[in-house]
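Line by line, the protein sequences are chains A and B.
Residue numbers for the first sequence follow this note's numbering, so the first one is 1 and each next one is one higher.
Residue numbers for the second sequence follow this note's numbering, so the first one is 1001 and each next one is one higher.
Heads up, a few of these hints could be off.
Unchecked claim - Here are the computed lysine to any residue pairs in the SDA-like style, where the Cα-Cα straight-line distance is at most 25 Å: (1) B:Lys1244 / B:Lys1131; (2) B:Lys1250 / B:Gly1237; (3) A:Lys76 / A:Ile170; (4) B:Lys1131 / A:Pro314; (5) B:Lys1131 / A:Arg389; (6) B:Lys1250 / B:Ala1179; (7) B:Lys1131 / A:Val143; (8) B:Lys1244 / B:Thr1219; (9) A:Lys109 / A:Pro219; (10) B:Lys1131 / A:Arg7; (11) B:Lys1131 / A:Asp290; (12) A:Lys76 / A:Leu129; (13) A:Lys109 / A:Arg177; (14) B:Lys1131 / A:Arg388; (15) B:Lys1131 / A:Leu317; (16) B:Lys1244 / B:Leu1255; (17) B:Lys1244 / B:Arg1201; (18) B:Lys1131 / A:Gln310; (19) B:Lys1131 / A:Leu147; (20) A:Lys109 / A:Ile170; (21) B:Lys1131 / B:Glu1197; (22) B:Lys1250 / B:Arg1213; (23) B:Lys1131 / A:Gly141; (24) B:Lys1250 / B:Ser1211; (25) B:Lys1131 / A:Leu313; (26) B:Lys1250 / B:Val1205; (27) B:Lys1244 / B:Arg1282; (28) A:Lys76 / A:Leu147; (29) A:Lys76 / A:Arg7; (30) B:Lys1250 / B:Arg1180; (31) B:Lys1187 / B:Arg1201; (32) B:Lys1131 / A:Arg177; (33) B:Lys1131 / A:Val289; (34) B:Lys1131 / A:Gln136; (35) A:Lys109 / A:Gln178; (36) B:Lys1131 / A:Leu383.
Hint data in this document are derived by calculation from the structure and do not stem from the laboratory.
None of these values were measured; they are calculated from a predicted model.
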Amino acid sequence: MTSARGRINIHNQVLLTLAAGGTVAVAAAGFVSYAPNRLLSGQPITLWEAASGSAVTGIGLLGAMLVAAAFMSPGKTLHYAQAALAAVLLLLVLAAAGQAASALSFGAKPAVRISLGTAFWILAASAALAVVDALQRLGAGSVARLLTAGAIVAGGAALAVAGAFDALSIAREYASRQLLFADALSRHVALVAGSVGLAVVIGFPLGVAAARSPRLQSPLFAVLNLLQTIPSIALFGLLIVPLSTLAAAVPQLAAIGIGGIGVAPAIVALVLYALLPVVRNTAVGLAGVDSAVIEAGRGMGLTSQQIFRQVELPLALPVLLAGLRIVTVQAIGLAVVAALIGAGGLGTFVFEGLGQYAVDLVLLGALPAIFLALAADFILQTLSAVLRRQLAQ
Amino acid sequence: MIEIDEVTKSYGGRPVVDRLSLSVGGGAFCVLLGSSGCGKSTTLRMINRLIPIDSGVIRVGGEDVTQIPAQVLRRRIGYAIQSIGLFPHWTVEDNIATVPRLLNWRQARVRDRVTELLELFRLDPAIYRSKFPHQLSGGEQQRVGVARALAADPELLLMDEPFAAVDPITRDALQAELARIHRATGKTIVFVTHDIEEALRLATVIAIMDSGRIGQLGTPLEILEQPANDFVREFVGRQGLGLKLLSVRKVSDRLRGGEPAEGEPISLDASLSEALSAMTARRADRLPVCDDEGRHLGIIALADLVR
Chain A
1 MTSARGRINI
11 HNQVLLTLAA
21 GGTVAVAAAG
31 FVSYAPNRLL
41 SGQPITLWEA
51 ASGSAVTGIG
61 LLGAMLVAAA
71 FMSPGKTLHY
81 AQAALAAVLL
91 LLVLAAAGQA
101 ASALSFGAKP
111 AVRISLGTAF
121 WILAASAALA
131 VVDALQRLGA
141 GSVARLLTAG
151 AIVAGGAALA
161 VAGAFDALSI
171 AREYASRQLL
181 FADALSRHVA
191 LVAGSVGLAV
201 VIGFPLGVAA
211 ARSPRLQSPL
221 FAVLNLLQTI
231 PSIALFGLLI
241 VPLSTLAAAV
251 PQLAAIGIGG
261 IGVAPAIVAL
271 VLYALLPVVR
281 NTAVGLAGVD
291 SAVIEAGRGM
301 GLTSQQIFRQ
311 VELPLALPVL
321 LAGLRIVTVQ
331 AIGLAVVAAL
341 IGAGGLGTFV
351 FEGLGQYAVD
361 LVLLGALPAI
371 FLALAADFIL
381 QTLSAVLRRQ
391 LAQ
Chain B
1001 MIEIDEVTKS
1011 YGGRPVVDRL
1021 SLSVGGGAFC
1031 VLLGSSGCGK
1041 STTLRMINRL
1051 IPIDSGVIRV
1061 GGEDVTQIPA
1071 QVLRRRIGYA
1081 IQSIGLFPHW
1091 TVEDNIATVP
1101 RLLNWRQARV
1111 RDRVTELLEL
1121 FRLDPAIYRS
1131 KFPHQLSGGE
1141 QQRVGVARAL
1151 AADPELLLMD
1161 EPFAAVDPIT
1171 RDALQAELAR
1181 IHRATGKTIV
1191 FVTHDIEEAL
1201 RLATVIAIMD
1211 SGRIGQLGTP
1221 LEILEQPAND
1231 FVREFVGRQG
1241 LGLKLLSVRK
1251 VSDRLRGGEP
1261 AEGEPISLDA
1271 SLSEALSAMT
1281 ARRADRLPVC
1291 DDEGRHLGII
1301 ALADLVR
């Protein structure tokens, strides 16, 4: 009765849902918000009021094309087009926000602040998810994913360098804290790298020992599990007394900066949290190596060291890397909280912003932390996928 | 080649191998046959010291194995197991080259040896050299496993139920290949199995094991015709005994020289069960017999099978 030709088929529900979400957000919520100064909450301003006509038209056009794509029969070309269109849309949304901010603040008092609004976040997230959806449908490998992410990041960075975002409140917060920001970022990375590095140095041998002796496993994991259940703020607090006592008793330790607050307790807490995933994944990874393979290796005259280095370690490596990934992402998040005990890092801005009720200052700390976590996750995931493919099975 | 002298191994006070003595001559294909838990695998694994010996002496090539460093000993003895244990992250070439590389062979020599072994197992080197274990069938994996055991050209090969986990058709092919390779290389092989048919097919000498001791040691024919005790008689099984006897006797034992016969000839080396099978299939009571070069030698007659 209905001919196949005349019928409209929805081929990509994900894309359609994202488009609907974006449309509703643009219609109902502010794209940016306008506040007379940084401490007052802002008034929402819609996309079409805030951004230039060409930007609005461009966003509408790209959105419409993506909606149309949801109705077209799937194919490689279509998915490539979807990825490209969504990536351009994402960059255009970013540019539109910057352009809206500079238009709204033109001629206004210097205290006026233009922040990013709900519609911006939803639109940007929808565009990003549309890129991810296209890559998934393409079955893109790790290299393709890396290149796509790199291209979008490069586009955003180019806009930032060109000053496209300078009028946005978050950029103004950054501008007034440029030196502090660089410091905080490098401190944050150092906290994460230091604690993850130490956790690996301590946790890897413990994991090997746990894999070798099942009797060690239950007490070891009991302790490590208990550590994981302590709330991070509580652990940071709990470490103040023992570490300051230690520093008071041993002046040499105090001289190299170890004390109840600062970097030392932060590193200790981050290492304690990182131990469980490192130890567990090391033990699980090694235990997962087929015992027949080890038996064959022994029977052919490999020494235990050769079996460990040439057989067990490479076969367990994907699981070890998965543990490293969990730990790194977790440490990036937890290190934000470490600012509470004076360890520095991106958390400094978050807590300062919370204290001043300045959301953009919170974002100045939170966004780079999220970005770091995503980047670390992505890189380690890619590495682990490449290794897994190489090791096969 | 191997002398096992009064060797004992106990776990928790219970002897698994009990004052066992066995001597295997060079070039023999010795099958340790028995049900599970009889100590056959333990005996095998004491030869290359994967399991330490409690008391007694094992000598390989006249040398007490405990006087040779374990790794050195194992690199001199080929070892293949039921679960194969190929290194999943290494190619077929790397797997086969394991022991030669441990022995620091030159690269070119290793490569030539891998080619030679792949050809011996009828795996095209151009195709199989760079494959990974998961790309191989079960039978191919076990061929590579045995090739790896042979890689450094050991005088002695230990095999622990290597074909127990493959399907019957593949097992049949692998057994035929191993028999061919044994004839071609003259290696001494100690082979553990619980499968009497497999033992009868491959062995030059069978040691039937029971509770850590040897119940009987003899050629397949001796084991079938003169079982030493009730255990051996039970294990060999009265059912189908006649067919088993036919399977270990050769056409050459019953050849009638000079007489002519029609049809496809059967080889002098074929077993009498193969001859019976051919006669039944062709509805014939006699078959012509030829040697390896295809020369007519005589006939084998149905009446002679039951003589």
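Cross-check of the supplied hints:
1. Proximity of B:Lys1244 to B:Lys1131 is assessed by CA-CA distance (about 40 Å); at most 25 Å being required, the pair is judged violated.
2. Using a Cα cut-off of 25 Å, the hinted pair B:Lys1250 and B:Gly1237 holds, with the two alpha carbons roughly 21 Å apart.
3. In summary, the hint linking A:Lys76 to A:Ile170 is not supported, as the alpha carbons are separated by about 39 Å, beyond the 25 Å threshold.
4. Simply put, B:Lys1131 and A:Pro314 have alpha-carbon atoms about 18 Å apart, close enough for the 25 Å limit, and the pair holds.
5. Restraint check for B:Lys1131 and A:Arg389: the C-alpha separation of about 14 Å stays at or below 25 Å, so the hint holds.
6. With a C-alpha separation of about 15 Å, the suggested pairing of B:Lys1250 with B:Ala1179 holds against the 25 Å cut-off.
7. With a C-alpha separation of about 24 Å, the suggested pairing of B:Lys1131 with A:Val143 holds against the 25 Å cut-off.
8. A distance of roughly 13 Å separates the Cα atoms of B:Lys1244 and B:Thr1219; the hinted pair therefore holds under the 25 Å criterion.
9. With a C-alpha separation of about 64 Å, the suggested pair A:Lys109 and A:Pro219 falls outside the 25 Å cut-off, and the hint is violated.
10. A threshold of 25 Å between alpha carbons decides the hint, and for B:Lys1131 with A:Arg7 the separation of about 49 Å lies outside it, so the pair is violated.
11. The suggested pairing of B:Lys1131 with A:Asp290 holds, with an alpha-carbon distance near 20 Å, which does not exceed 25 Å.
12. A C-alpha spacing of about 18 Å is found between A:Lys76 and A:Leu129, which places the hinted pair at or below 25 Å, so the restraint holds.
13. A C-alpha spacing of about 21 Å is found between A:Lys109 and A:Arg177, which places the hinted pair at or below 25 Å, so the restraint holds.
14. For the proposed pair B:Lys1131 and A:Arg388, the alpha carbon gap of about 16 Å is at most 25 Å, so the pair holds.
15. Proximity of B:Lys1131 to A:Leu317 is assessed by CA-CA distance (about 21 Å); at most 25 Å being required, the pair is judged to hold.
16. Under the criterion of a C-alpha separation no larger than 25 Å, the hint pairing B:Lys1244 with B:Leu1255 is consistent with the structure, at around 19 Å.
17. Annotation: proposed proximity of B:Lys1244 to B:Arg1201 holds, straight-line Cα distance about 10 Å (limit 25 Å).
18. Only pairs whose Cα atoms come within 25 Å are accepted, and B:Lys1131 paired with A:Gln310 is accepted, the gap being roughly 19 Å.
19. Of the pairs offered as hints, the one joining B:Lys1131 and A:Leu147 is violated, with about 30 Å between alpha carbons and a cut-off of 25 Å exceeded.
20. For the suggested pair A:Lys109 and A:Ile170, the alpha carbons sit about 17 Å apart, so the restraint of at most 25 Å is met.
21. A threshold of 25 Å between alpha carbons decides the hint, and for B:Lys1131 with B:Glu1197 the separation of about 33 Å lies outside it, so the pair is violated.
22. Straight-line distance between C-alpha atoms of B:Lys1250 and B:Arg1213 comes to about 30 Å, which puts the hinted pair past the 25 Å bound.
23. Between the alpha carbons of B:Lys1131 and A:Gly141 the distance comes to roughly 22 Å, so the proposed pair stays at or under 25 Å and holds.
24. Taking the CA atoms of B:Lys1250 and B:Ser1211, the gap is near 33 Å; set against the 25 Å cutoff, the hint is violated.
25. A hinted pair counts as satisfied when its Cα atoms are at most 25 Å apart, and B:Lys1131 with A:Leu313 qualifies at roughly 21 Å.
26. The hinted pair formed by B:Lys1250 and B:Val1205 meets the criterion: a straight-line CA distance of about 16 Å does not exceed 25 Å.
27. About 22 Å separates the Cα atoms of B:Lys1244 and B:Arg1282, which keeps this hinted pair within 25 Å; it holds.
28. Restraint check for A:Lys76 and A:Leu147: satisfied, since their Cα atoms lie roughly 17 Å apart, inside the 25 Å limit.
29. Distance hint between A:Lys76 and A:Arg7 is fulfilled; the C-alpha atoms sit about 23 Å from each other, no more than 25 Å.
30. Simply put, B:Lys1250 and B:Arg1180 have alpha-carbon atoms about 16 Å apart, close enough for the 25 Å limit, and the pair holds.
31. Under the criterion of a C-alpha separation no larger than 25 Å, the hint pairing B:Lys1187 with B:Arg1201 is consistent with the structure, at around 17 Å.
32. Straight-line distance between C-alpha atoms of B:Lys1131 and A:Arg177 comes to about 57 Å, which puts the hinted pair past the 25 Å bound.
33. A hinted pair counts as satisfied when its Cα atoms are at most 25 Å apart, and B:Lys1131 with A:Val289 qualifies at roughly 20 Å.
34. For the given pair, B:Lys1131 sits about 29 Å from A:Gln136 by alpha-carbon distance, which is inconsistent with the 25 Å threshold.
35. With a C-alpha separation of about 22 Å, the suggested pairing of A:Lys109 with A:Gln178 holds against the 25 Å cut-off.
36. Between B:Lys1131 and A:Leu383, the direct Cα distance comes to roughly 23 Å. Compliance with the 25 Å bound is thereby established for this hinted pair.
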